[in-house]
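Number of protein chains: 2
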Amino acid sequence: MRNYFLGARNTWTLGLLISLAVLCIFWISTDNVMHMLNEVQRINDTMFVCSESFEDTRAYIQNRPKDDYNDLPIIYFVTPTYPRREQIPELIRLGQTLMHVPQIHWIVADDYDGCNNFLDVNRFGIPYTHIASPMPDAYRSISPSPRGVANRRAALNWLRQNNKKTGILYFGDDDNTFDLRLFNEIRDTKKVSMFPVGLIGLYAVSSPVVKNGKVIGFFDSWPAKRKWPVDMAGFAVNLEYLSQHPNATMPYRAGYEEDAFLRSISLRMNEIETKANNCTEILVWHTQTQKSKAPMVRIDSQYLESEKSNLGALFRELESMGVSHQSDSAGIKAQISKDGKSKPFTFFFR
Amino acid sequence: MRNYFLGARNTWTLGLLISLAVLCIFWISTDNVMHMLNEVQRINDTMFVCSESFEDTRAYIQNRPKDDYNDLPIIYFVTPTYPRREQIPELIRLGQTLMHVPQIHWIVADDYDGCNNFLDVNRFGIPYTHIASPMPDAYRSISPSPRGVANRRAALNWLRQNNKKTGILYFGDDDNTFDLRLFNEIRDTKKVSMFPVGLIGLYAVSSPVVKNGKVIGFFDSWPAKRKWPVDMAGFAVNLEYLSQHPNATMPYRAGYEEDAFLRSISLRMNEIETKANNCTEILVWHTQTQKSKAPMVRIDSQYLESEKSNLGALFRELESMGVSHQSDSAGIKAQISKDGKSKPFTFFFR
Numbered sequence: 378m379r380n381y382f383l384g385a386r387n388t389w390t391l392g393l394l395i396s397l398a399v400l401c402i403f404w405i406s407t408d409n410v411m412h413m414l415n416e417v418q419r420i421n422d423t424m425f426v427c428s429e430s431f432e433d434t435r436a437y438i439q440n441r442p443k444d445d446y447n448d449l450p451i452i453y454f455v456t457p458t459y460p461r462r463e464q465i466p467e468l469i470r471l472g473q474t475l476m477h478v479p480q481i482h483w484i485v486a487d488d489y490d491g492c493n494n495f496l497d498v499n500r501f502g503i504p505y506t507h508i509a510s511p512m513p514d515a516y517r518s519i520s521p522s523p524r525g526v527a528n529r530r531a532a533l534n535w536l537r538q539n540n541k542k543t544g545i546l547y548f549g550d551d552d553n554t555f556d557l558r559l560f561n562e563i564r565d566t567k568k569v570s571m572f573p574v575g576l577i578g579l580y581a582v583s584s585p586v587v588k589n590g591k592v593i594g595f596f597d598s599w600p601a602k603r604k605w606p607v608d609m610a611g612f613a614v615n616l617e618y619l620s621q622h623p624n625a626t627m628p629y630r631a632g633y634e635e636d637a638f639l640r641s642i643s644l645r646m647n648e649i650e651t652k653a654n655n656c657t658e659i660l661v662w663h664t665q666t667q668k669s670k671a672p673m674v675r676i677d678s679q680y681l682e683s684e685k686s687n688l689g690a691l692f693r694e695l696e697s698m699g700v701s702h703q704s705d706s707a708g709i710k711a712q713i714s715k716d717g718k719s720k721p722f723t724f725f726f727r
Numbered sequence: 378m379r380n381y382f383l384g385a386r387n388t389w390t391l392g393l394l395i396s397l398a399v400l401c402i403f404w405i406s407t408d409n410v411m412h413m414l415n416e417v418q419r420i421n422d423t424m425f426v427c428s429e430s431f432e433d434t435r436a437y438i439q440n441r442p443k444d445d446y447n448d449l450p451i452i453y454f455v456t457p458t459y460p461r462r463e464q465i466p467e468l469i470r471l472g473q474t475l476m477h478v479p480q481i482h483w484i485v486a487d488d489y490d491g492c493n494n495f496l497d498v499n500r501f502g503i504p505y506t507h508i509a510s511p512m513p514d515a516y517r518s519i520s521p522s523p524r525g526v527a528n529r530r531a532a533l534n535w536l537r538q539n540n541k542k543t544g545i546l547y548f549g550d551d552d553n554t555f556d557l558r559l560f561n562e563i564r565d566t567k568k569v570s571m572f573p574v575g576l577i578g579l580y581a582v583s584s585p586v587v588k589n590g591k592v593i594g595f596f597d598s599w600p601a602k603r604k605w606p607v608d609m610a611g612f613a614v615n616l617e618y619l620s621q622h623p624n625a626t627m628p629y630r631a632g633y634e635e636d637a638f639l640r641s642i643s644l645r646m647n648e649i650e651t652k653a654n655n656c657t658e659i660l661v662w663h664t665q666t667q668k669s670k671a672p673m674v675r676i677d678s679q680y681l682e683s684e685k686s687n688l689g690a691l692f693r694e695l696e697s698m699g700v701s702h703q704s705d706s707a708g709i710k711a712q713i714s715k716d717g718k719s720k721p722f723t724f725f726f727r
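Line by line, the protein sequences give chains A and B. Heads up: the first sequence begins at 378 in my numbering, then just goes up one per residue. Heads up: the second sequence begins at 378 in my numbering, then just goes up one per residue.
Hints were generated in silico from the structure; no laboratory data involved. One or more hints might be untrue.
Which copy? The list can't say, so a pair holds if one copy fits it or any two copies do.
[Said to hold, decoys possible] Derived lysine to aspartate or glutamate pairs resembling EDC-like cross-links, with alpha carbons at most 20 Å apart: (1) 710 with 696; (2) 541 with 617; (3) 668 with 467; (4) 541 with 682.
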């Protein structure tokens with residue numbers, strides 16, 4: 378009898394232990410993303426505000442006086458960027474698009490260990506913050522590289538530190554294409570809004586699947602077991618909703634940034650607001666700009682003296698922007714041509 | 378005596394003939410570009426104006442009422458384009474830049490045998506002309522393809538047919554990046570102005586070499602014996618000057634379009650006006666967008682019915698824009714995912 382009870386008790390204990398183990402494995406496997414988030418939050422992110430302005434110098438926007446828009450919530454448009462020879466034109470092109478958008482604050486977060494003064498974000502006349510937020514060294518060697526994560530985390534920190542609890546957060550990369558209609562669409566986001574992004578993956582589009590106005594699934598060619606298989610440019614978040622999730626963040630894990638971020642704000646499927654005419658139109662495009670390495674051009678420094686020609690000033694400008702580099706002894710040999718003939722520099726500058 | 382004179386006369390005749398032959402060879406070799414131009418002008422270019430508007434619906438441009446700019450010459454901004462999955466976003470992005478530019482007329486010339494209605498150039502509120510100007514079949518098989526030539530020739534024809542003899546002509550591709558300051562710079566071009574273009578060739582820049590305000594040569598990594606080794610985006614032409622050269626045109630020869638065009642308007646080096654602070658700044662960039670083929674996506678048509686979800690309308694939009702194609706039987710098999718799991722279409726739509 379005693380043995381029987383003992384045996385029964387042992388069986389119960391064993392069952393309980395197995396159940397606990399199973400639960401534990403289940404919990405670890407489903408919540409590994411949250412674990413990862415907790416872990417990465419212990420990383421010391423570097424963030425330095427290089428310059429910022431809350432002044433909007435525009436008098437008119439889209440045919441109306443700026444003040445007509447004062448009641449609209451501000452869109453915090455977060456652009457991660459990093460030094461490369463195409464960086465300046467990308468930001469110029471994007472800045473010129475944002476100049477059409479009322480009530481916007483552009484957060485340009487540069488993956489650079491210092492303030493790159495050529496990122497002259499001030500010139501567009503819109504409110505902005507220029508942040509230096511280099512990727513921690515530990516992640517530089519990882520492949521694929523979690524590019525843009527340090528930048529977006531820095532922007533989230535900036536929003537918290539500046540106590541921004543109204544307005545809209547949107548992540549817009551420097552090489553994407555934004556139809557101006559997008560900004561009208563996302564501005565009234567209550568919690569999280571979603572919409573299709575063109576030129577993503579093997580389908581050339583990533584979109585929520587919408588039935589009777591509700592999201593029922595996701596059309597994305599790389600689901601990768603992600604609960605939220607969406608592109609960074611495919612959603613917007615209300616800052617009041619975001620502020621209710623003080624641990625909201627993004628892990629240093631390429632391809633899973635969106636999923637983990639949306640998990641960290643406890644998004645539920647039935648809360649998603651659909652935009653772009655119930656996700657039937659494309660208002661944002663994942664265009665990608667061809668990248669090349671900045672070349673080294675071989676020109677004897679003596680020919681770059683300012684009184685000789687424009688080339689000295691031009692090369693200093695190119696160098697500052699990271700477009701090309703000059704060397705006296707290495708790189709592709711430069712030539713100047715005239716009337717269809719290449720001639721040595723000595724021909725032009727004695 | 379008579380024989381002597383005859384001999385002398387023969388020697389003179391022979392000398393004259395040899396001289397003529399040498400001159401002739403010299404003329405053929407140096408002027409072969411003009412020959413080529415004469416030849417190509419006999420080609421029957423196709424050109425059809427799909428739609429156009431001379432109305433400017435903008436009330437304010439760059440903080441000033443539109444009418445403040447009425448005295449400025451019009452910039453005829455010629456954009457050759459062609460169908461590909463990136464075409465629509467490129468034109469949206471460029472159109473949104475041009476919305477900031479006063480007194481502009483955008484000529485969008487599409488290399489397409491019909492009027493692609495998705496090129497909704499009207500939406501930007503700026504005066505425009507949408508031309509269908511397909512490349513003649515004879516050139517489609519040539520490699521490298523003389524892309525954009527039929528389009529620019531059509532734009533030149535449009536300017537002639539509409540008797541446009543004042544204003545400025547500028548060739549601006551759909552994937553380039555244009556700093557708004559460029560437009561101020563080129564607007565007072567008297568004959569031909571030139572300036573550096575970033576991200577061209579092995580030097581990552583192409584520029585005139587300027588000494589004491591005068592162009593003395595060209596800094597371009599691909600001189601290719603061109604008299605004018607410049608990029609299409611590196612010069613602007615006054616229309617009055619252009620109209621003095623009624624045979625001005627561009628040959629179907631990849632890489633030599635700029636050179637031949639500038640030869641056809643008899644440009645001389647000492648006439649070139651330098652812009653962009655004496656060619657020391659970059660105001661236009663030859664950014665290039667990554668291109669991919671529009672994918673074929675396999676989805677059973679029955680799941681694309683309008684009442685089922687947003688996917689039907691979304692796919693019709695993508696198809697019209699040439700972004701992707703749908704097939705019942707071929708291509709990459711589409712899937713929908715939910716909660717991290719891919720499920721068959723039947724799961725969502727019974």
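| Hint numbers not upheld by this structure, sorted from lowest to highest | 4
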